[in-house]
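Peer 1: Below, each chain spelled out in residue letters.
There are 2 protein chains.
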Amino acid sequence: MTVDFAALATPGVRSLQPYIPGKPIEELERELGISNSLKLASNENPLGSSPLALEAAQRAAAELHLYPDDIGFRLRQRLAAEHGVSADQVLLGAGSSDVISMVVRAFLGPGRNGVFAQHAFAMYPIYTQASGAECRAAVALPADHPDMPYGHDLQSLAAAVDENTRVLFIANPNNPTGTWLNAPELKAFIAALPAEVVVVLDEAYTEYVQQSDFPNGIGWLGEFPNLIVTRTFSKIYGLAGLRVGYGIANPELLAVVSRVRHPFNVGSMGLAAAEAALDDPSFVARSAEVNHLGLRQLESALDQLGLGRIPSVGNFLTLDLGRPATDCYQALLRQGVILRPLANYGMPQHLRVTVGTEEQNARFISALEQVLKAC
Amino acid sequence: MTVDFAALATPGVRSLQPYIPGKPIEELERELGISNSLKLASNENPLGSSPLALEAAQRAAAELHLYPDDIGFRLRQRLAAEHGVSADQVLLGAGSSDVISMVVRAFLGPGRNGVFAQHAFAMYPIYTQASGAECRAAVALPADHPDMPYGHDLQSLAAAVDENTRVLFIANPNNPTGTWLNAPELKAFIAALPAEVVVVLDEAYTEYVQQSDFPNGIGWLGEFPNLIVTRTFSKIYGLAGLRVGYGIANPELLAVVSRVRHPFNVGSMGLAAAEAALDDPSFVARSAEVNHLGLRQLESALDQLGLGRIPSVGNFLTLDLGRPATDCYQALLRQGVILRPLANYGMPQHLRVTVGTEEQNARFISALEQVLKAC
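Protein chains in written order, with my numbering: chain A, 1 to 375; chain B, 1 to 375.
Here chain A stands alone, though its shape is the one from the complex (with noise of 0.2 Å):
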């Protein structure tokens, strides 16, 4: 007996393509046989997580056989204090995606559409097609662009946007591109859309910015009631193998989206080890220094080789090979060094590098000149 299950999954599920994650180093070395790798493909933070974070981690051990706590009391309280919101306005996921997913579910389904740029994260697209909405990927800016090649373009977001929009989504920086917007165009841009239409602005790698002009979503909460504003403890928290993320918005809007919140979504050390994250406001000032340097380090040394790049202010930086980057990609990995292929994202001439320490960058950097001589 044969069954077609693609056959009878719902609509959206029928062709979906899932999410093509970066590999594991230890997956990676077992395929290629090779050992001592250096992976800079997932936005990782090269410096680890905060003491304070593992030791917190570590005590949460004592208890693993116990429930976490549900509503994530403490760090709900930890977080409306830190951003000087009510906790009430928080919402936990285990990562930010969990919190993106939620909206999705709350939101999105058959005869709805959701809205999102083209080169955008992956997932916006991937939710949205399987809740069974439509997908609305709107035209970025052109390659040629002189400030901000591959970014986001609000016109063209703007005009996808119809009465049967329910979800808009826009990353800040974007994720894999590292362009972004500055606060007066988009606080503008939200002002414009209509109030039914939920907002959701990623802010994932907001820490590692250092431009005066851009904005903190969560300051426009009390003129927004649709924006939901994302953040993370994956990235410069350093906290990714614990899966704890948030959303911020207000609490009417975030009472609707909890209503598809999965039971216990964050586990007990993720809840530990976040609030603990969140006392060593040193180590966060540290990894975002290390990153600024280290992407004035790759720019320049990407400049020197004569090799395109998209302006990024995220902890990753996107190449531009002027030509199919899957042989510079496979010569790198030979090499020992693992990047981002980014033609799922229609970019197949691009790879993405996550800024690492001085020493990463340097070896990237060298076995990067090593691969464009050969190839």
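Hints were generated in silico from the structure; no laboratory data involved.
Small disclaimer: the values here were computed from a predicted structure and weren't measured.
Here are a few chain B residues that sit away from chain A, every Cβ distance over 12 Å (derived from the structure):
| hint | residue |
| --- | --- |
| 1 | V85 |
| 2 | A159 |
| 3 | N216 |
| 4 | Q304 |
| 5 | G306 |
| 6 | D320 |
| 7 | Q330 |
| 8 | R334 |
Footprint (simulated), chain B over chain A, 3 or more residues, beta carbon under 8 Å:
| hint | stretch |
| --- | --- |
| 9 | 68-81 |
| 10 | 239-253 |
| 11 | 262-274 |
Reference listing, derived: stretches of chain A covered by chain B, where coverage requires no fewer than 3 residues with Cβ under 8 Å from a Cβ of chain B:
| hint | stretch |
| --- | --- |
| 12 | 2-10 |
| 13 | 47-57 |
| 14 | 90-99 |
| 15 | 108-118 |
By construction, the Cβ of each residue, glycine as well, lies at the ideal position given by its N, Cα and C atoms.
With chain A fixed as given, assemble chain B onto it according to the hints.
Peer 2: Just chain B now, with coordinates in the frame of chain A:
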């Protein structure tokens, strides 16, 4: 400007009532101003976790800044060997409820329906409704049934299935009733279902069961292409805080369900601890034995008190107070003993108690005696 976000939500979410989890001790003690309370409300393992699992979780803390292995390569290999299946038959979840949610998101939506038994695990209707599908709750066996009061009624379940049914949920044993189905009756029931109905066989408590005719659904996969068996590390393995569960099915079915898995859905510490927990079968055996003795202890004490109870093979027992249970629940709370009220399961006269250690059970029985005298 006011926006009615509930009205803008998807049809299923508009009237969705989320799951009500058991309160963490910390929160309850905060509310009541008490300390040293005893929580027997969430079917957690009173022996804690295997020391091997704790050590593995703590070792994993060194790499918390890295994303987990998205596909859980090692744990899936280990589970495949454990159950005599191939690794592509194993899907990991953040608890088995995550796997159940994936089945729903892959196969349920508007115009379809999900079938489950009255008094079955609360997440079946919650996930089904959230998807926009119709919830079909089959009436349970009657309260005065001689063998299995409140048990799954297989005739009633079969009658609820129609051409739009895509998922049918069976918990064996069932939570919160503790009732079960034996191998011949359950196998015949599944064999008679249309193969287009995906059967979720939720075996979260299976490791506790000692009945000789109790089935292992994994052994039936060769016969049923539409069967997915779910298991968890949250119960007998004592890792509820880390959120790890799994589903086992044929590769064709699992490939479709996996499309809606969230990337990195199981954290690094969970992967490491679960793998180590499988290396400690003596911890599992001891947990099962303590539970077996504890069930007998509770049963005989309740019989002496003249209180009704539902026969259970899980790590919990459901008492029938013969009148609304709220007063008794509250009075026990004031004695520092936390049980699970079942009004949201349509069982307002029942309370569920988790089997604890001998001392914990004795403390509960003593508190119950006090409470019954007073109310």
